[in-house]
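Let the sequences and hints guide you as you build the complete structure.
2 protein chains.
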Amino acid sequence: MHSLTEQNYIQQLSIDCVIFGYENQQLKVLISTLKFKGDFQVLPSGFIYQGEDVDEAARRILEDRTSIKDTYLEQFHVFGKADRSNRAFLDRLIELNPDLVILHQQQRQQYEWFTRRFVSIGYYALVDMAKVIPQKHEIDQSITWYDVRQLPILAMDHNEIVQKAIDTLRLTLDQRLSAFSLLPESFTMKDVQEVYEAIYDKPFARNNFQKKILDMNVLERLEKKFTGAANKAPYLYRYIK
Amino acid sequence: MHSLTEQNYIQQLSIDCVIFGYENQQLKVLISTLKFKGDFQVLPSGFIYQGEDVDEAARRILEDRTSIKDTYLEQFHVFGKADRSNRAFLDRLIELNPDLVILHQQQRQQYEWFTRRFVSIGYYALVDMAKVIPQKHEIDQSITWYDVRQLPILAMDHNEIVQKAIDTLRLTLDQRLSAFSLLPESFTMKDVQEVYEAIYDKPFARNNFQKKILDMNVLERLEKKFTGAANKAPYLYRYIK
Numbered sequence: 057m058h059s060l061t062e063q064n065y066i067q068q069l070s071i072d073c074v075i076f077g078y079e080n081q082q083l084k085v086l087i088s089t090l091k092f093k094g095d096f097q098v099l100p101s102g103f104i105y106q107g108e109d110v111d112e113a114a115r116r117i118l119e120d121r122t123s124i125k126d127t128y129l130e131q132f133h134v135f136g137k138a139d140r141s142n143r144a145f146l147d148r149l150i151e152l153n154p155d156l157v158i159l160h161q162q163q164r165q166q167y168e169w170f171t172r173r174f175v176s177i178g179y180y181a182l183v184d185m186a187k188v189i190p191q192k193h194e195i196d197q198s199i200t201w202y203d204v205r206q207l208p209i210l211a212m213d214h215n216e217i218v219q220k221a222i223d224t225l226r227l228t229l230d231q232r233l234s235a236f237s238l239l240p241e242s243f244t245m246k247d248v249q250e251v252y253e254a255i256y257d258k259p260f261a262r263n264n265f266q267k268k269i270l271d272m273n274v275l276e277r278l279e280k281k282f283t284g285a286a287n288k289a290p291y292l293y294r295y296i297k
Numbered sequence: 057m058h059s060l061t062e063q064n065y066i067q068q069l070s071i072d073c074v075i076f077g078y079e080n081q082q083l084k085v086l087i088s089t090l091k092f093k094g095d096f097q098v099l100p101s102g103f104i105y106q107g108e109d110v111d112e113a114a115r116r117i118l119e120d121r122t123s124i125k126d127t128y129l130e131q132f133h134v135f136g137k138a139d140r141s142n143r144a145f146l147d148r149l150i151e152l153n154p155d156l157v158i159l160h161q162q163q164r165q166q167y168e169w170f171t172r173r174f175v176s177i178g179y180y181a182l183v184d185m186a187k188v189i190p191q192k193h194e195i196d197q198s199i200t201w202y203d204v205r206q207l208p209i210l211a212m213d214h215n216e217i218v219q220k221a222i223d224t225l226r227l228t229l230d231q232r233l234s235a236f237s238l239l240p241e242s243f244t245m246k247d248v249q250e251v252y253e254a255i256y257d258k259p260f261a262r263n264n265f266q267k268k269i270l271d272m273n274v275l276e277r278l279e280k281k282f283t284g285a286a287n288k289a290p291y292l293y294r295y296i297k
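Residue numbers (our numbering), protein chains in the order written: chain A, 57 to 297; chain B, 57 to 297.
Take these hints with a grain of salt, some might be off.
One copy or two, either will do: identical chains are not told apart, so a pair holds if it fits within one copy or between any two.
As the list claims (entries may be wrong) - Quick list of in silico lysine to any residue cross-link-like pairs, SDA-like style, CA-CA up to 20 Å:
1) 125 to 278
2) 137 to 106
3) 137 to 64
4) 220 to 230
5) 137 to 109
6) 93 to 131
7) 137 to 115
8) 137 to 116
I should point out that these hints are in silico values taken from the structure, not numbers from a laboratory.
All values reported here derive from a predicted model rather than from experimental measurement.
Structure below.
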């Protein structure tokens with residue numbers, strides 16, 4: 057559990073990352089399952105070094121877990137309830153994993169800092185899933201994508217953090233044009249509509265939707281998509297930043 | 057400078073409040089001018105007690121400076137650059153105010169915590185200026201409203217914080233219906249248009265604007281405003297939350 061050892065971090069401040077991907081008409085979130093007994097599932101998280109910008113720390117955590125550097129990343133909310141602490145989480149983990157030597161009494165004091173109240177800064181990222189190779193940490197059993205509509209119960213307030221990220225994504229999607237970050241380089245208009253439908257979890261009327269997107273004036277039309285049936289082939293588009 | 061003495065605060069974390077008011081077609085921000093030599097001007101700020109929710113701390117700071125409890129208040133951004141610190145600010149203050157006994161060597165160590173790097177959580181509030189009586193602190197010469205288009209140079213990154221608050225206000229105004237919080241209980245459609253024009257710093261076409269606002273379905277039409285000229289009197293409206 058090297059990542060829980062106190063280093064030169066700002067105390068009582070953490071970062072939680074909601075990393076969104078998109079596949080098969082589903083909006084997905086990257087969740088890590090800890091290798092301890094008890095099915096502990098959490099968002100990718102981390103801390104801020106004294107000499108590091110908060111945004112830089114978020115980018116480091118994102119890169120560490122996805123192996124990609126340049127993608128859409130945005131700070132969206134601070135979770136600052138006074139009763140927000142890792143203590144209950146750690147207590148339960150030790151209760152279910154009594155054999156976990158590293159967490160026994162003599163070593164516990166070095167994790168004391170970790171059980172204090174934490175204020176957490178939420179960031180969400182939008183990634184092209186095809187480019188991401190999720191990276192396990194030493195303490196992870198796995199790190200995988202979950203459909204946001206079928207999320208497991210996450211540790212602490214992480215379900216609430218995901219929900220707030222989705223709310224913010226919906227609230228600012230049109231102004232920030234962020235949906236395109238979930239798609240590959242080129243895509244059809246149907247792909248755009250489906251990604252919007254996955255984000256808002258509701259259908260849109262095709263003609264209105266298409267008009268709205270084209271009116272944004274941010275897409276370049278490319279060649280037709282090769283489908284074998286030339287006359288019905290849809291155009292491909294590319295997002296111009 | 058009681059407010060700078062270390063208490064049971066979360067270390068290296070602060071709150072800055074951008075308190076918006078509206079008057080004479082101007083969007084205004086509440087700024088405090090410190091009573092020391094050097095024209096130091098800052099946003100109302102404060103810290104978070106260990107046992108206090110971050111939102112609660114922001115509300116306490118807002119109430120402390122405006123004497124009002126219930127008004128629109130929203131967390132909007134975290135300012136987390138690694139080089140964000142009060143040290144340069146405090147050094148300059150001492151340089152220009154060498155007679156300031158309380159900041160001399162022997163007392164300086166108790167303010168040491170205050171000169172470290174701080175991550176600041178930005179909140180903006182929207183208030184009905186007529187209800188606010190700005191409250192001076194011991195260290196303030198004055199606390200007054202400034203037109204956002206004519207802000208002085210503020211200490212640290214406080215100008216940047218105000219700008220980000222304005223950007224966020226503009227980005228989410230229609231979805232959050234927050235503009236009405238700047239107006240008194242009842243207002244004319246012209247008042248609404250003028251508050252929007254102040255926020256976006258640009259004119260809107262009257263007919264389109266009026267239609268857009270009425271389509272939101274959040275206003276109740278009251279009696280006509282008494283102007284003396286009955287046939288031209290505009291209707292008053294009230295915002296229904």
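Inset, instruction - Tell me, please, which holds for residue 125 and residue 278 at an alpha-carbon limit of 20 Å: within, between, both or neither? - result: Close neither inside one copy (27 Å) nor across copies (56 Å); limit 20 Å.
Legend entry - Intra/inter-copy verdict for residue 137 and residue 115 if alpha-carbon distance must be at most 20 Å: Between copies only: 13 Å across chains, 24 Å inside a chain, cut-off 20 Å.
Legend entry - Status of residue 109 relative to residue 137 across identical chains (alpha carbons, at most 20 Å): between (23 Å within a copy, 4 Å between copies)
Inset, instruction - Measure nothing new, just compare the shortest in-copy and cross-copy C-alpha distances for residue 137 and residue 116 to 20 Å and report within, between, both or neither. - result: Between copies only: 15 Å across, 25 Å inside.
Inset, instruction - Using 20 Å as the alpha carbon limit, work out where residue 137 and residue 64 are close: within a copy, between copies, both or neither. - result: For residue 137 and residue 64, only the inter-copy Cα distance (16 Å) is at most 20 Å; the intra-copy one is 24 Å.
Inset, instruction - Evaluate residue 137 and residue 106 at a C-alpha cut-off of 20 Å and name the case that applies: within, between, both or neither. - result: Result: close only across copies, 10 Å inter versus 23 Å intra.
Inset, instruction - Give the relationship of residue 93 and residue 131 under a CA distance limit of 20 Å: within one copy only, between copies only, both, or neither. - result: neither (32 Å within a copy, 37 Å between copies)
Inset, instruction - Can you give me the call for residue 220 and residue 230, within, between, both or neither, at a CA distance of at most 20 Å? - result: both (17 Å within a copy, 19 Å between copies)
The structure is inconsistent with the numbered hints 1, 6, although it conforms to all the rest.
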